[in-house]
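Below, each chain spelled out in residue letters.
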Amino acid sequence: MKEHPFQGWLEKAANYSGILACGVKLGNQSIAVKSFDESFPEARLKDLLQCLAEVAFGLRNSQLGGSRLRWVFEHGQLYSARRQDGALAVLAMSKDPNAASAIEELFAEFLATDCALPEKPSSNLPQATETGAASEAGVVQ
Amino acid sequence: MTTSDSPPTRSRPSHRVLLVDDSAEFADALKDHLVKKRDPSWIVHTAYTYAEALNCLKTNPVDLVILDINMPVMDGLQLLTMLKRSRPALPVVLLSGIVTPENRDYALQHGAALVLNKMDVAAGFESIYPALEATVEVVSVEGFKGIVRQVGLTELLQLECLGRKSSVLEIKGPNADGRIYISEGSIIHAEVGGILGEKALARLYGLKGGEFRLAPFTQPSRHTIDGNWEGLLLEAAQACDEQAGAEALQESGDEMSMDLEPKADAAQPGDVGRHIEEIVLSSSANDILHEFKAPHADRRVRLLDWLLVKSAVVVNLLPSLGRADRLEINEPRSRVICLLQPERKMFVRLSITPPPD
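The listed protein sequences correspond, in order, to chains W and H.
Numbering follows our numbering, with no gaps: position 84 of the first sequence is 84.
Numbering follows our numbering, with no gaps: position 153 of the second sequence is 1153.
Think of the hints as simulated: they come from the structure by calculation, not from any bench.
Quick caveat, the model's predicted, so the values are computed rather than measured.
Ideal Cβ placement from N, Cα and C applies to all residues, glycine included.
Do not rely on the hints blindly, as some may be mistaken.
What the hints assert, rightly or not - The following residues of chain W were derived to be distant from chain H, with all beta-carbon distances above 12 Å:
| # | residue |
| --- | --- |
| 1 | Q7 |
| 2 | G8 |
| 3 | Q50 |
| 4 | R70 |
Stated by the list, open to error - Each pair of labels, with its calculated beta carbon distance range:
| # | chain 1 | residue 1 | chain 2 | residue 2 | range |
| --- | --- | --- | --- | --- | --- |
| 5 | W | E38 | H | F1292 | 41 to 49 Å |
| 6 | H | R1085 | W | N15 | 48 to 56 Å |
| 7 | H | A1089 | W | S101 | 27 to 35 Å |
| 8 | H | P1061 | W | A43 | 43 to 51 Å |
| 9 | W | Q84 | H | T1081 | 48 to 56 Å |
| 10 | H | R1323 | W | Q84 | 27 to 35 Å |
| 11 | W | E11 | H | N1070 | 42 to 50 Å |
| 12 | H | N1055 | W | E74 | 32 to 40 Å |
| 13 | W | E104 | H | R1222 | 49 to 57 Å |
Work out the full structure: start from the sequences and follow the hints.
Following this line, the structure appears as structure tokens:
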């Protein structure tokens, strides 16, 4: 089976403290995830990637950007970065003060990784549902 | 249901308390302590079921209700909600054998004045008396001159600013004594120790505990803050959030030596080059409470609502993350902060100008 183009990047994330889980959703909609904490099951991470991709899509359509997101929760944080080819990386972090440099380093590598994939319209990122919902929510301007 | 037979013997007003706990042993011990060992002016009714509690409230005037959270049939949290609907001004203190963050948050959000750990109370009844007395004293003082326990610092600042009021918010923390000056709804000055301005605001905002009270407005010696209050509060919230992790590492059990100074890599309120472009503040019912340069405020409100739904999806997938607080959208030249809390949502858009070389 062909290895996911970001498999090495996902594995590398394990070396940084404070990272609980990570994942990448490619422009062709394939998803790869890696969990380093039992409270972040990989099956749910795939749904998380899908949800964050929808948010990034909605924000982009509302002309608010969305290339870099930071979602702050009570006990952790989610960071996402989006490449020009549509690939989206997500890092789930504890509130570790030393994590900032890890995030920058990992995202820099993610953005620089050479694996050009054409961004395709999504069957999972439903134009009707998401755009409709986003439009209904005033997201699409 | 039983009632203490110790009439008030002092000229000071009596405190009428209803203590609700299905553990008769605990309830009676606490009542005994409150009445006989500390202050005979306390009139303590006890109820061992919620039905007894409701009956007692119908027939007796009560200044304070102390509820056990873990009760059969209807627990203390449900009774709290019911009481607050019918008697919103009645202070309610909750007790629990195990105070979970969820219970504590629920109780405080639904109007509880205090949430106390039953084990701590049982270990030292002495500790509960001042807390209960202060709680009763608060409601006997008009306005916001007492210790405000039921309103968070954020909410209080927002209320003052939205109401375009003038006041001085005095804050006492474990290792800090500061003031925030609000003039006609604008935060104009903050000071704590030798620190002034937005840095002082961030430090006070980040205090983990303490007391605060509103005092009548007096002119500060100088004006050190000149910015939109919503943006200031969000920036202060972010700064203290980003330093929270560092503090946790430094605390090592010694809260008094806690360093509240924002770290060098944390966002600093008032960074040169940040300019607020747009603000929308909305209520839980999506009413626009405040807008600043927001020609499409209704769209922003719908966006916030949509993001709140998405955040609920995320929390449902990964409950260990806890409650959602905010989403930040970071671009090289702009930044959007969406505060995503059910009770208040806020959209703030800033432009960022790189600092000069």
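Against the structure, the hints come out as follows:
1. Q7: 22 Å, holds
2. G8: About 25 Å separates G8 (chain W) from the closest Cβ of chain H, which puts it past 12 Å; holds.
3. Q50: 10 Å, violated
4. R70: 4 Å, violated
5. W:E38 x H:F1292: 41 to 49 Å: 44 Å, holds
6. H:R1085 x W:N15: 48 to 56 Å: Hint holds: Cβ distance 53 Å, inside 48 to 56 Å.
7. H:A1089 x W:S101: 27 to 35 Å: 51 Å, violated
8. H:P1061 x W:A43: 43 to 51 Å: Distance hint for P1061 (chain H), A43 (chain W) is violated at roughly 56 Å.
9. W:Q84 x H:T1081: 48 to 56 Å: 51 Å, holds
10. H:R1323 x W:Q84: 27 to 35 Å: With Cβ atoms ~34 Å apart, the hint holds.
11. W:E11 x H:N1070: 42 to 50 Å: 46 Å, holds
12. H:N1055 x W:E74: 32 to 40 Å: Since the Cβ atoms of N1055 (chain H) and E74 (chain W) sit about 39 Å apart, the hinted range of 32 to 40 Å holds.
13. W:E104 x H:R1222: 49 to 57 Å: Because 38 Å falls outside the window, the suggested range is violated.
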